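Chains A and B are the protein sequences, given in the same order.
Quick note: the first sequence uses the numbering used here, first residue 212, plus one each step.
Quick note: the second sequence uses the numbering used here, first residue 170, plus one each step.
Just so you know, the hints here were simulated from the structure itself, not pulled from any lab data.
What you are looking at is a predicted structure, and each value in this text was computed from that prediction instead of being measured.
Here a beta-carbon is modelled for each residue, glycine too, at the ideal position from N, C-alpha and C.
Accuracy of the hints is not assured; some may be wrong.
[What the hints assert, rightly or not] Each pair of labels, with its calculated beta carbon distance range:
1) A:Gly473 to B:Arg515: 38 to 44 Å
2) B:Leu184 to A:Pro319: 36 to 42 Å
3) A:Arg552 to B:Leu349: 29 to 35 Å
4) B:Glu436 to A:Gly573: 38 to 44 Å
5) A:Lys545 to B:Arg515: 27 to 33 Å
6) B:Gly440 to A:Thr234: 47 to 53 Å
7) A:Arg482 to B:Glu348: 36 to 42 Å
[Unchecked claim] DSS-like, lysine-lysine: derived pairs with alpha carbons at most 30 Å apart:
8) A:Lys516 to B:Lys438
9) B:Lys485 to B:Lys438
10) A:Lys516 to A:Lys545
11) B:Lys485 to A:Lys545
12) A:Lys475 to B:Lys485
13) B:Lys438 to A:Lys475
[Said to hold, decoys possible] Listed next, the stretches of chain B that the computed footprint assigns to chain A, with coverage defined by at least 3 CB atoms under 8 Å from CB atoms of chain A:
14) 243-249
15) 252-260
16) 352-364
17) 476-489
These are the residues of each chain, in order.
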Amino acid sequence: MILGVDLGRHATVTVAVHGNVLTEVRVATGASGAVPVVTYPDGARRAPSATPRAAAVAVDMDGVRRAPVAAIRVAGPCPPGLGPMVGWPEDSGVATVVRGGHSLTGRPVAELDTAAVARFAAECGLTDFAVTATGSPVLPHHELAVAEIIADEVPGARITLSYEFGRAGLRERENSAILNAALGPQAAVIADRMIRDLPGVSVFFARTGAGLASTHYFRRYPLICYLGAFTCALRGGAALAGLDETAVQERGIIVRTGLVTGGKPRLGDRRDTFVPLNVRLPLVVSASEGIAVGPFARQAGPGWKVPEQAELAVAYGAALARPSVDVERIVQAKGRAELDRAIDEARDEALTRAVSAGAAPGSARVTDTIVNALSYLPDGLFRVEIRAEGAIM
Amino acid sequence: MNHQSAGKAPPKIDLTSFGAFAAGSQLFATGAAELSFHLASDWARSVLGEGVRVCRAADLPPRTLCAAVCLVGSSTALGERLPTGNEPVQVIRGLERRLGQEIGAVVALNLDAESALLPVITAALLDIPLVDGDGSGRVFPLLNQSTYTLGGVSVTPLVMAGPADDVVVLDTGPDRVEELIRPLVLALGGWTVTACYPMTAEVLARVVVPGTVSRLMEAGVPGAPRSIAAPYGVRTLCRGRIAAVETSTGHGMDLTLPSLPSSIVVEEKEGLGRLIRLEAHNEIVFALVDGAMAAMAPDQICMISTVDGMAVDVDKAVPGLEVEVMVVRAAPVWHTGEGVALGGLRAFGVPL
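In isolation and in its complexed conformation, chain B is listed as follows:
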């Protein structure tokens, strides 16, 4: 993954270019609650100062310690219980104490709306560079669903900090992480800034999906084609009107599930007038066109509203809405056997 070693240097994220980066991060973003995005955006603007240097992992001294920074937990909670502003510094310092080494750069886990902005805030507060790339190329719900995991890097040790001034260091096997952090997140205030996947720049250069930060900065410039935000290609499955949204009753399952399975039926407006069925668990997992499988995870399937060009969250889909159904191709590593096992249909609980 070193195709970016040639070409011009990545740009800087400052008050001038921040708007384009933030807009770019929303182009295919699902599950991005507006208010937490506005919050992260206002927070970032207030701490950007001179701006954040964006650099390629390969351009850092190879032994530089890097860490991924992301938001874990509920964006509703973030909007209600505001950050103290210290969380990003607390998690980086916590990870440094745990490892006995200074962290020289941060990188995003994914670049979906507010997840894209937290690493920028962290880099600005600590005055260290942000690596041009991310660990996903799209977005997955679990912390260990990343190209970093696929490249053999452990998500742990990880450090979490919440709005109540608590810091938690989690030293455990990667397979135990999800089970441990879910209850912790609530106790910490419903959301946390998390620093994880500590690794050297040399390793990061091998496992990162490269160049995605600078791509979003280009894609978010008004008038730029949306496809710039999709490094491995994007196609339109159909343009149509949402005809029905069906949500499972849950079959008496535990009420605390974050989201129940649901189906969205889209009637194609033009061409063949086909019927497209989107099956969702939190996000759209696969798409059937007239009954035939047309797209599936790990590729990302999203609905873009034709009224305002914004991605439509699964839980905001309503009959009557006109949408373009788009499929963003995941990075090649997601299409390997291991990639499909970690981010494919089975990872979303669909036994196909």
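Chain A extracted, bound-state conformation:
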């Protein structure tokens, strides 16, 4: 049995799922006590019929409080409009640019200015750091070196390194790293609460797009769960209706519509986030028909079907997910053999990360391998994207 938990903006909804079938349900307002007593669809309250193996928690992080962040960019000078934290609200933190970084071919652009890093870390007065170096999707050495300096200067610092959000595009990767760092403290609060409310159960969090991450992973990378609840509303709604291809409208405190194709939410680079990010999010579309879910599903217009238990879609969608990870790297390869070796390394890393995200070691497998040559770069540079997933232990 797997529990699905919807940490909604208005209420917490918990469901139990046996072999993908919804069996038990409980709706509670706020965080009130431990989960193992459940209310069944017939209204009776009793202990669950089996001990849950795991719980999958769905939460949207776009509404939670963000902590101020100290952002360090390792790069050359740039025009005023392209600096770190441009576009962020005033109180988002402080930022600096220090010399260093690598070219796309892995050559150092400049020696890392370690003194400047130490000075900034010691004087900024913050403990949540985001570090972004030019070229880190190819070679993360300077980000790792900066992290060491911060750890020396600021005991207890929480540090996000941008290369862990691997895609090229310095500003978008930097924004992702800053947002991840800003969400960290609140993610820890949510994770602590779930562990307290669900004693003896392995707790996972729903990732944006697909899959689950362990609590440990969620604490470090809350950004990968940024729209976990919206993702689960899409997947859960389609599953409740028994459809693989449909639009799903979530009607909670927020109303939004996404697409499900091949049973998965359709993702894309969204332009409507408050700063440009490099994580793919479920696309928000306008559609006139499909499946409506959420507590206010019945208020959807004509054309929208409301499946039974539509108010449970997010929790159900969470319970259907499996641990998964994405790895994206830029590699330089002079021929097929070298490229294959680089792909193998990325696949190994994805499998290792899938296990650290909570997949049972024997169950982790690579589900997607995408290799694209980078246009208009003559020297054999490739973007390698790997997705791996596994079963809950």
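Since the structure of chain A is already known, use the hints to place chain B on it.
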């Protein structure tokens, strides 16, 4: 090409009108990586100041020296290795030193997404006017595929500047340019701002595709018809759903090819339910409708997503996506014998 000598003066690109110009530059833009466009757009906004004067080539003093400015290289590299901000000034000053004469105006090579924005940035930084027009009327992958070349203007001498503060002056024959700049671009940091095609305003007025900057400013106003961005006409080949995307394995060719040939099959949703096959090498080169040739380079064939109205890059085409396949007619000079030789099927490696 002086049909624009009558009519109202071209407008100014300032913080108010910039949004419409930037939106207009994306209407038929393919190969425009979102992040480099955002980057160029934020860069432009931060340097626009009082705004950039847009003027007709014919309105400049005839002996004014003009230069085309463009991005050469990888937009992925631009997004990762940010500009220092000096590159546009470095290339113009470099070209001035080489020619011993001051440059009085800049012009675009093409107006496709970030390529449209770099000349604006350059004009703003140097406080010189931007010429209302471009050297393409659409976009081609090679530096010498332009109406400037067709009009007899040499792409060289050209000056490139990259993010590592290097400046390279290239003094060579136009036929040697591509071979020389590809390896140079990587060494310079993966991308460069390039100033090329130095010519007087008098010559530019003869070889430019005129009025395209002001057209994009009109076309990018919300609600304006997309067709304004296509000065020589645009037609819809079909509306349909991408049924299949097939990519060549490369047949063991060199792995470093920027893009392998691919085919996109679109099923028409309405009307005759025809099957449209789009053949692409980096961009779509020709379109077959039920096996018959329906459109080809030098006209531009593009897919516009019906979900968000944005042009769909060839490498982002996926089965299931609903698209409108549109054909933008190239400027008349591209339909001459020389134009077809420079920008037609053979130029894309299709021996038809």
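Each hint tested on the structure:
1. The supplied range of 38 to 44 Å is met by A:Gly473 and B:Arg515, whose beta-carbon atoms lie about 40 Å from each other.
2. The given range of 36 to 42 Å is respected by B:Leu184 and A:Pro319, whose C-beta atoms sit roughly 38 Å from each other.
3. Between A:Arg552 and B:Leu349 the C-beta distance comes to about 32 Å, which sits within the given range of 29 to 35 Å.
4. Between B:Glu436 and A:Gly573 the beta carbon distance is about 43 Å. The supplied range of 38 to 44 Å therefore holds.
5. In this structure the hint that A:Lys545 and B:Arg515 lie 27 to 33 Å apart at CB holds, the actual value being about 31 Å.
6. Taken as a hint, the range 47 to 53 Å holds for the pair B:Gly440 and A:Thr234, whose Cβ atoms sit roughly 50 Å apart.
7. A:Arg482 and B:Glu348 have their C-beta atoms about 38 Å apart, which keeps the hinted 36 to 42 Å range intact.
8. This hinted pair checks out: A:Lys516 and B:Lys438 have alpha carbons roughly 25 Å apart, not beyond 30 Å.
9. This hinted pair checks out: B:Lys485 and B:Lys438 have alpha carbons roughly 20 Å apart, not beyond 30 Å.
10. With a CA separation close to 54 Å, the supplied pair A:Lys516 and A:Lys545 exceeds the 30 Å bound.
11. Using a Cα cut-off of 30 Å, the hinted pair B:Lys485 and A:Lys545 holds, with the two alpha carbons roughly 25 Å apart.
12. Of the pairs offered as hints, the one joining A:Lys475 and B:Lys485 holds, with about 18 Å between alpha carbons and a cut-off of 30 Å not exceeded.
13. With a C-alpha separation of about 24 Å, the suggested pair B:Lys438 and A:Lys475 falls inside the 30 Å cut-off, and the hint holds.
14. With a cut-off of 8 Å between beta carbons, the stretch 243-249 of chain B has 6 residues touching chain A; three or more are needed, and the interface restraint holds.
15. For the stretch 252-260 of chain B, the stated coverage by chain A is satisfied: 3 residues place a CB nearer than 8 Å to a CB of that chain, which reaches the threshold of 3.
16. Only when three residues or more bring their CB closer than 8 Å to a CB of chain A does the claim for the stretch 352-364 of chain B stand; here the count is 5, and the claim holds.
17. A stretch counts as covered by a chain when three or more of its residues have a beta carbon under 8 Å from one of that chain; for the stretch 476-489 of chain B and chain A the count is 3, and the coverage holds.
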